[in-house]
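Under my numbering, the first residue of the sequence shown is numbered 17, with each subsequent residue one higher.
These are computed hints drawn from the structure, not numbers from a lab.
Keep in mind that a hint or two might mislead.
Said to hold, decoys possible - Have a look at the derived ranges for each label pair, beta carbon to beta carbon: (1) HIS196 x GLN73: 55 to 61 Å; (2) LYS118 x GLU77: 37 to 43 Å; (3) ASP87 x GLU176: 46 to 52 Å; (4) ASP43 x THR80: 19 to 25 Å.
What the hints assert, rightly or not - With a Cα cut of at most 25 Å, we get these calculated SDA-like pairs of lysine to any residue: (5) LYS209 x HIS122; (6) LYS131 x VAL119; (7) LYS126 x LYS160; (8) LYS160 x GLU146; (9) LYS212 x ARG167; (10) LYS116 x SER94; (11) LYS83 x HIS122; (12) LYS202 x GLU146; (13) LYS212 x ALA174; (14) LYS131 x LYS83; (15) LYS126 x VAL156; (16) LYS192 x GLU166.
Here a beta-carbon is modelled for each residue, glycine too, at the ideal position from N, C-alpha and C.
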Amino acid sequence: MSSKSAAFDTHVDEAQEPRNFAASPRDSHIIERELRDVNHQLTQAYNRNEILVRTLQEAREQITALKEEVDKLCAPPSTYGVYLAANEDSTVTILSQGRKVKVNLHPSIKTETLKPGQELILNEGLNVIEAAGYEIQGEVVILKEQLDAERALVTLRADEEKVGIIAEPLRTLRLKTGDHLLLDSKSGYLLEKLPKSEVEDLTLEEVPDTGYE
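Model the full assembly from the supplied sequences, consistent with the hints where possible.
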């Protein structure tokens with residue numbers, strides 16, 4: 017009886033022991049192939065995702081650019097003014113539409129970069145948002161006398177005289193009586209020294225010495 021019991025116990029113990037099954041070469045090849053397929057699919061998914069991210073970024077940039085263009089087209093027209101002087105409170109005095117106005121500057125514009133007679137671009141509130149150049153058209157006048165570093169007496173048509181303000185570009189030049197200057201009649205600034213025409217030069221140089229008896 018005891019020997020049968022011992023044999024039975026031995027059989028039970030052997031049945032309870034785990035069995036190790038070694039994968040066959042065929043199974044290993046299948047698993048490797050499946051892993052390669054999964055890695056390939058993951059790589060393709062990653063590449064598609066990268067393309068999608070780039071496409072979305074480009075679309076976002078295009079939308080932003082289009083919005084900026086639309087905003088520009090919908091913005092009200094800008095007004096121009098002429099710079100006169102800077103004030104102690106960081107504002108500037110300008111001439112706009114025949115009126116002298118005290119306005120604010122955009123933070124990106126430094127007062128020291130602005131020059132007398134220079135045009136400025138204004139927003140709806142008449143505050144300066146951008147610096148421009150100088151007016152290139154106006155009335156031709158003749159310098160009669162330079163009064164000081166900033167003002168000059170000029171002759172207009174019909175021998176009418178006017179005191180003009182010398183703009184920054186002319187303040188570095190040596191002006192003399194008879195010079196032809198460009199006057200911006202709206203602002204009163206003398207902006208440019210103009211060359212005399214050849215006809216005028218000849219007229220001045222070839223005045224006949226004729227006497228009357």
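These are the hints, each one checked on the structure:
{"no.": "1", "hint": "HIS196 x GLN73: 55 to 61 Å", "verdict": "holds, 58 Å"}
{"no.": "2", "hint": "LYS118 x GLU77: 37 to 43 Å", "verdict": "holds, 41 Å"}
{"no.": "3", "hint": "ASP87 x GLU176: 46 to 52 Å", "verdict": "holds, 47 Å"}
{"no.": "4", "hint": "ASP43 x THR80: 19 to 25 Å", "verdict": "violated, 55 Å"}
{"no.": "5", "hint": "LYS209 x HIS122", "verdict": "violated, 31 Å"}
{"no.": "6", "hint": "LYS131 x VAL119", "verdict": "holds, 16 Å"}
{"no.": "7", "hint": "LYS126 x LYS160", "verdict": "violated, 35 Å"}
{"no.": "8", "hint": "LYS160 x GLU146", "verdict": "violated, 35 Å"}
{"no.": "9", "hint": "LYS212 x ARG167", "verdict": "holds, 22 Å"}
{"no.": "10", "hint": "LYS116 x SER94", "verdict": "holds, 17 Å"}
{"no.": "11", "hint": "LYS83 x HIS122", "verdict": "holds, 23 Å"}
{"no.": "12", "hint": "LYS202 x GLU146", "verdict": "holds, 20 Å"}
{"no.": "13", "hint": "LYS212 x ALA174", "verdict": "holds, 19 Å"}
{"no.": "14", "hint": "LYS131 x LYS83", "verdict": "violated, 34 Å"}
{"no.": "15", "hint": "LYS126 x VAL156", "verdict": "violated, 32 Å"}
{"no.": "16", "hint": "LYS192 x GLU166", "verdict": "holds, 14 Å"}
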